[in-house]
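Once you have looked at the hints, place chain B on chain A.
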Amino acid sequence: MDEDKKFVQEYEIRGWDFTRAGEASCEIKNLLKDIGVPQDIIRRVAIAAYEAEMNVVMYAQKGKMRCQIDPERIKIVLEDEGPGIDNIERAMRDGFSTATPEMREMGFGAGMGLPNMKRNSDKFYIVSDVGRGTKLEMLFEL
Amino acid sequence: MTLEEVREILKAELLTHNVNLSIEVCSACASDMMSDVLALTEPGALIITGLATTQTLRTMEIADAAAVVFVRGKRPDDDVIALADKKEIPLMSTEFCMHDACGLLFLRGLCGVTEQVKKLLNKNGRR
Numbered sequence: 001m002d003e004d005k006k007f008v009q010e011y012e013i014r015g016w017d018f019t020r021a022g023e024a025s026c027e028i029k030n031l032l033k034d035i036g037v038p039q040d041i042i043r044r045v046a047i048a049a050y051e052a053e054m055n056v057v058m059y060a061q062k063g064k065m066r067c068q069i070d071p072e073r074i075k076i077v078l079e080d081e082g083p084g085i086d087n088i089e090r091a092m093r094d095g096f097s098t099a100t101p102e103m104r105e106m107g108f109g110a111g112m113g114l115p116n117m118k119r120n121s122d123k124f125y126i127v128s129d130v131g132r133g134t135k136l137e138m139l140f141e142l
Numbered sequence: 001m002t003l004e005e006v007r008e009i010l011k012a013e014l015l016t017h018n019v020n021l022s023i024e025v026c027s028a029c030a031s032d033m034m035s036d037v038l039a040l041t042e043p044g045a046l047i048i049t050g051l052a053t054t055q056t057l058r059t060m061e062i063a064d065a066a067a068v069v070f071v072r073g074k075r076p077d078d079d080v081i082a083l084a085d086k087k088e089i090p091l092m093s094t095e096f097c098m099h100d101a102c103g104l105l106f107l108r109g110l111c112g113v114t115e116q117v118k119k120l121l122n123k124n125g126r127r
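From first to last, the protein sequence lines are chains A and B. Quick note, in the working numbering, the first sequence goes up one by one and the last residue is 142. Quick note, in the working numbering, the second sequence goes up one by one and the last residue is 127.
None of these hints come from the bench; they were simulated from the model. Idealized CB from N, CA, C, for every residue including glycine. Mixed in with the good hints, there may be bad ones.
Unchecked claim - Take a look, some chain A residues computed to stay more than 12 Å from chain B by CB distance:
hint : residue
1    : 5
2    : 9
3    : 15
4    : 30
5    : 35
6    : 46
7    : 61
8    : 72
9    : 94
Said to hold, decoys possible - Some but not every residue of chain B turned toward chain A, in silico, with C-beta under 7 Å:
hint : residue
10   : 35
11   : 36
12   : 38
13   : 39
14   : 40
15   : 58
16   : 64
Here chain B stands alone, though its shape is the one from the complex:
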């Protein structure tokens, strides 16, 4: 799934503009706890979170994540967005709550890191 598709599915507002939305995300990790994100994120994954701080940006950089979606309409401070823009990091904000945002993406075939679930999705012929 591309970041452009993520944006459309979640009706998300793109917070940074100097970014490439044709990038494919391989999986997703949803958490407000950054250690969970560090433990469970694959390189190139999408992070879904309600934590809109500098640490979210730092964590996604460390974890080599592809992009961040903030749920419930949250958005980090302007200086964090400016920093992300400078680093060409895609940040989005959706009005959906975390559960619904995850559900919508999962329905379209974007899963987490659990191998069993990945196999199940592949078996059902989803991307």
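So here's chain A without its partners, still in its complex pose:
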């Protein structure tokens, strides 16, 4: 892929900042609208990015979300400095959650975040290092 056909935007995410939580995903959604990405793909990207962003807000000290767009696909990459996930297989199950009551009061922690991300993306990769952080990569074909 030619570098000049690639667009990259990066967003900082702060842990436990519920006032701004979701802003980055909304910005990505608006960006995709502006460049004319089909509505159904925008919705899938926005939902997956939002779930991932909320996970960083709820669990990590901070993180970065990168949105990379080229003519073939959209790639969303999230890297956080957080507690990590010790059992990814278990975390991927619908309904499994380690959320605190405070997180549930904010409407999150139903154990649907990671499954929602996987369901909405065409390809989903996750690696995690306990005590250091988690990296997610989601691809959406155009």
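Then chain B, alone, in the frame of chain A:
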């Protein structure tokens, strides 16, 4: 069902004013958990929830929902309502509890996302 009909059926207070209530809602999703809403909401759906925070507004925007009804008389803070007004997002508040609000809307033909139930409602000639 239009948002105006939703408002009448639920005897709901309209919290935002710069909105179009002639919009049709295709289905509804009721939950206090935003991940459930993201997983189960169709574009153009109505969200029924007891969670009155900024995240409700953000979630409905992300999910392309048409409007939000807060149950048990809940209402978000004024700054959230002001933001929704600015974005022309319809927010309502009903005194009914979630189960009864859902029941009243279902009786009038507004279903969730389960295909079997949609077919059943269509078979019975409801909208």
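Of all the hints numbered above, which does this structure not satisfy? Sort the numbers upward. 4, 6, 9 and 14
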